[in-house]
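Visitor: Residue strings, one per chain:
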Amino acid sequence: MYEFEFVKPATVAEAVAALAEEDAQALGGGQTLIPTLKQRLAMPSKLVSLTGIPQLKEIGDNDGVLTIGGAVTHAAVAEAAADSYPALADLASHIGDPAVRNRGTIGGSLANNDPAACYPAAALGSGATIVTNRREITADEYFRGLFETALEEGEIITAVRFPVPEKANYQKFLQPASRFALVGVFVAKYAAGVRVAVTGASEEGVFRWREAEAALDASFAPDALDGHSVDAAGMIGDLHGTREYRAHLVKVMAKRAVAAA
Amino acid sequence: MPKDNGIGASPKRREDVRFLTGAGNYTDDINVNGQAYVHFLRADVAHATINSIDTSAAETMPGVVKIFTGADFAEVGGIPCGWGVTDRHGNPQQEPRHPIIAHDTIRHVGEIVAAVVADTLEQARDAAEAIDLDLSDKPAVVDMTKALADGSPKVHEDLSSNLCYDWVFGNPDDDAVQAAFDSAAHVTTLELVNNRLVANPMEPRVAIGDYSRGTDEYTLHTTSQNPHVIRLLMCAFVLGLPEHKVRVIAPDVGGGFGSKIFHYAEEAFCTFAAKACGRAVKWTSTRAEAFISDAHGRDHVTKIELALDADNNFTALRTNTMANMGAYLSTFSTSVPSYLHGTLMAGNYKTPIVQVNVKTVFTNTVPVDAYRGAGRPEATYQLERVIDKAARELDADPIALRRQNFITEFPYETPVALTYDTGDYVATMDKLEQVADLAGFAARRAESEKNGKLRGFGVNCYIEACGIAPSNIVGMLGARAGLYDAATVRVNATGTISVFVGAHSHGQGHETSFPQVVADMIGIDEGMVDIVHGDTGRVPFGMGTYGSRSIAVCGSAMVRATEKIIAKAKKIAAHLMEASDADIELKDGQFTVAGTDKSVAWGDVCLTAYVPHNYPLEELEPGLEETAFYDPANFTYPAGAYACEVEVDPDTGKVTIERFSAADDFGNIINPMIVDGQVHGGLGQGIGQALLENAAYDEDGQLLSASYMDYAMPRADDVPFYQVDHSCQTPCTHNPLGVKGCGEAGAIGSPPAVVNAVIDALQSGGKNVTHIDMPLSPPRVWAAMNG
Ligand SMILES: Cc1cc2nc3c(=O)[nH]c(=O)nc-3n(C[C@H](O)[C@H](O)[C@H](O)COP(=O)(O)OP(=O)(O)OC[C@H]3O[C@@H](n4cnc5c(N)ncnc54)[C@H](O)[C@@H]3O)c2cc1C
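Chains U and F supply the protein sequences, listed in that same order.
For the first sequence, the positions run 1 to 261 when this note's numbering is used.
For the second sequence, the positions run 1 to 787 when this note's numbering is used.
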């Protein structure tokens, strides 16, 4: 690690002020950022911890909308959403290992937008709203490709609002080494329609499989997806699976999610 | 009744108390007064010419003590190779210089290019970033076939090619072998890859070099499986130091699996730098460094052919293997694909003609050397896969085909130079069928099919050769070391015992099992016996632990030394009881005179040895301490049969191991619980190789799976609960304990069973898949099913 300063403010305003400094960076649970620092792949001048801000650790359940503070850990979501949004709780309970879940935060995960991460699928699949210190961003607007988001310099995620669906399910096929998603599919059925979000698979990051959404709008059943597929071109091909394999898995996982929802 | 003390009992591992409560003393726990830290600048390209290295800016950085480059090591030797293989034409292997720090050429990603010693590790890293390297990239040689093709770029310009040796073993007569194939009723051919692995012990390597100006003595603390071997190689071949001035200490070591046998550049560096810097120098490998600097394992590409007659008897076997050496020859690299692999190609079968051809190849990759099993897993995998394929082609039952060809008479001389002293392959197969519940498989398969899964049953046999020996024979075959071991039994005046052993324990539980033997021989509580290991300053010159040799070789030395102790103690007891030595019996720690009620206790005899007031001083020296060196007459031959039962998800290609059963013959067993644990660990590594692990390089020589994000280690939920049985026991005929060794069997015997089971599952689902290369990852299985 290179040397850096460390601050742990108690309010969003203080955090925003601290982040205004050049090369200052927000620190959530550190599960991504700290390993990056250890490898000397990043050189922030100051780390601004968000985990001491009570407002960012709130969880609220209001009128069919679950609001999760930006610094809420995966373990806390797994517990708090178990009744209100079981599919989301289940997703959170399968991220990494207990150490990761007790440190890693939803804000950190969504800010990082790893193409194989789980939360992006939940946020996009739920049509969630990403709330920052400056504005509200719809999930459809928020995700911009691998590790790219709509967040601007110094902007922090203060909360995420999830409309709770009628039913939903997340199916994650594990990359055997990292146990991130080789392919993960989040399916959620709302009165307004079905949403299908896919993580792990595409070179563009998390995406909505709109063809599947239309088919499932017509009939919410696994075999509604027969005859539909995603194009292997544009999928990730690497050591852990070819493009064709990932394209195939998207469909298999989507069907399983529908069956399990 | 299971015993609760001595040989055959299963006391819990006493060392685990300290390991599990944080009281272990690993090398990184050791800090020497005033130590400095070294950070190695490692190559991030696979092949390049070093035009220049400018360290001037780095030298002025805070905390820097000294910066070393290849030029600083021009005067010292290179890392030696411990085995010289003679090729098929009688020529020696090509043996390139293996520098401590790359001199003019970089030959693999991870090779040391410069070393920065500084007050703190972070300062050393800061300074390393200020070193200016001027490199000219050269084309990387990665693929073995391409490396051997005419006109390939060379890894070593001063060698004639990338071929280390071309070796033939078994029947050397190509025409006779071909004739056997020509006259065969059936020939089965299989091409396969034995995937490259990274050992990944939990504790990464660490070295601390220390030098005393006052006494001109060096101490190297290192994570080694064999401290005496390291001392010898480093002193005699690399640094040219007098051995008596060098002490090598390998304290608690957190796993090795072979990767900590070898003498590594970092060890020689820290020893050398300690004197040059006037301070102790410490290095602790990161996990990232371990991936690109620990020797890798396996990496063979093989074509194997099996000839059978019309009655399905095996008549001939021929193999052609390319084995990757990486960029340099690591300590035992050249012995692994030759004498530890070719000699095992007969397996458990009485195939009369066997010919093994191995070409070892230099590539711009990390050096490859022994990894748990070392050559024997590669042999077993090919053989047991080709037999399974033959059974399918012939519509024969794979178990019956094996049984029909088993060696049943012992001793048996194989066509590949080994003499199996004993074994009972029928018994282990019978036992396997029982523990694997073969009879219930059909019902389990039907159940899986109901759930949309394909279920397969795979079986294989294995034989391993442990305790490589005798020294004079292996010397003729090219070993540049002896393969005996040594033990000193020191009885204290109050009757407790310290046994100083040449074997090294880094997970094997020697601290528990070795005392069981000595305590049993004397008839005292094993709590009265401790072993001391891992320190050239304390233990006799022993060869360390690898090749499942510890109990068979060092344990035998310990028995011999204990026998000498008992013989002397009997003389003392005879003196005390005024009887003749020949009438003295030792039982339960009491010396008695046959036919009388006289007795004297073990403790009294020990005290008398050290307080010799009433003692035959004219005939007998005082004291009770004996050393024995033991050089085995032969290898030992553990063998067994393994069965794997898998489910395959046809939608995703994911393989789940539902059951794994092992029936092993390890001869006599000292501690059955420790043996279970050794088999479990080996099975975990074998399953890891079969389903998960893969050290994959790209064309440029970059390791793609260079961290746990991409290198898949087996985890608890990847393996099933094992059924392990070692009740079939044919004791080794030539060592005093009748033991064979059990450390590697699990890793040797399991990969073919897994692959055979997956092929069985796919075939049961109507897929005409005859082979998939390891690891059988979901995409590979899925592609094979849909190919
Ligand atoms: C072993 C392991 C296994 C894992 N497995 C999975 C898995 O299966 N699935 C999965 O989805 N993830 C997995 N992860 C990633 C894990 O979920 C991380 O916790 C997460 O990606 C980052 O969250 P964090 O709070 O730790 O963020 P940090 O590491 O602290 O920060 C990550 C990035 O986000 C920024 N940031 C942090 N908080 C905010 C905020 N509130 N607003 C704006 N920017 C912010 C930081 O500046 C940094 O750039 C795994 C991680 C590990 C170490």
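Keep in mind the hints are simulated off the structure, nothing from the lab.
It is possible that part of the hints are untrue.
As the list claims (entries may be wrong) - Residues from chain F that keep clear of chain U, each with C-beta distances beyond 12 angstroms, as calculated: (1) Asn91; (2) Glu122; (3) Asp252; (4) Asp651; (5) Ala696; (6) Arg715.
Unchecked claim - Pair ranges (Cβ atoms, derived): (7) U:Ala10 with F:Glu217: 51 to 61 angstroms; (8) U:Glu166 with F:Asn25: 35 to 45 angstroms; (9) U:Glu244 with F:Asp698: 44 to 54 angstroms; (10) U:Ser229 with F:Ile30: 25 to 35 angstroms; (11) F:Gly787 with U:Glu21: 50 to 60 angstroms; (12) F:Asn313 with U:Ser229: 14 to 24 angstroms; (13) U:Ser45 with F:Arg715: 34 to 44 angstroms; (14) U:Ile34 with F:Glu563: 15 to 25 angstroms; (15) F:Thr120 with U:Gly193: 55 to 65 angstroms; (16) U:Ala233 with F:Asp16: 19 to 29 angstroms; (17) F:Gly537 with U:Glu203: 52 to 62 angstroms; (18) F:Asp773 with U:Ala233: 25 to 35 angstroms.
Heads up, the beta-carbon is just placed ideally off N, CA and C, and yes, glycines get one too.
Visitor: Take the hints in turn and mark each one as holding or not.
Guide: Here is what the structure says about each hint:
1. Asn91: holds, 39 angstroms
2. Glu122: violated, 7 angstroms
3. Asp252: holds, 24 angstroms
4. Asp651: violated, 5 angstroms
5. Ala696: violated, 6 angstroms
6. Arg715: Violated, since 8 angstroms does not exceed 12 angstroms.
7. U:Ala10 with F:Glu217: 51 to 61 angstroms: holds, 57 angstroms
8. U:Glu166 with F:Asn25: 35 to 45 angstroms: Violated: the Cβ-Cβ distance is about 59 angstroms, outside 35 to 45 angstroms.
9. U:Glu244 with F:Asp698: 44 to 54 angstroms: At 20 angstroms between Cβs, range violated.
10. U:Ser229 with F:Ile30: 25 to 35 angstroms: violated, 59 angstroms
11. F:Gly787 with U:Glu21: 50 to 60 angstroms: holds, 56 angstroms
12. F:Asn313 with U:Ser229: 14 to 24 angstroms: With Cβ atoms ~51 angstroms apart, the hint is violated.
13. U:Ser45 with F:Arg715: 34 to 44 angstroms: holds, 38 angstroms
14. U:Ile34 with F:Glu563: 15 to 25 angstroms: Violated - the Cβ-Cβ distance for Ile34 of chain U and Glu563 of chain F, about 57 angstroms, lies outside 15 to 25 angstroms.
15. F:Thr120 with U:Gly193: 55 to 65 angstroms: 59 angstroms Cβ-Cβ, so the 55 to 65 angstroms window holds.
16. U:Ala233 with F:Asp16: 19 to 29 angstroms: violated, 54 angstroms
17. F:Gly537 with U:Glu203: 52 to 62 angstroms: The hinted range 52 to 62 angstroms holds for Gly537 of chain F and Glu203 of chain U, with Cβ atoms some 58 angstroms apart.
18. F:Asp773 with U:Ala233: 25 to 35 angstroms: holds, 26 angstroms
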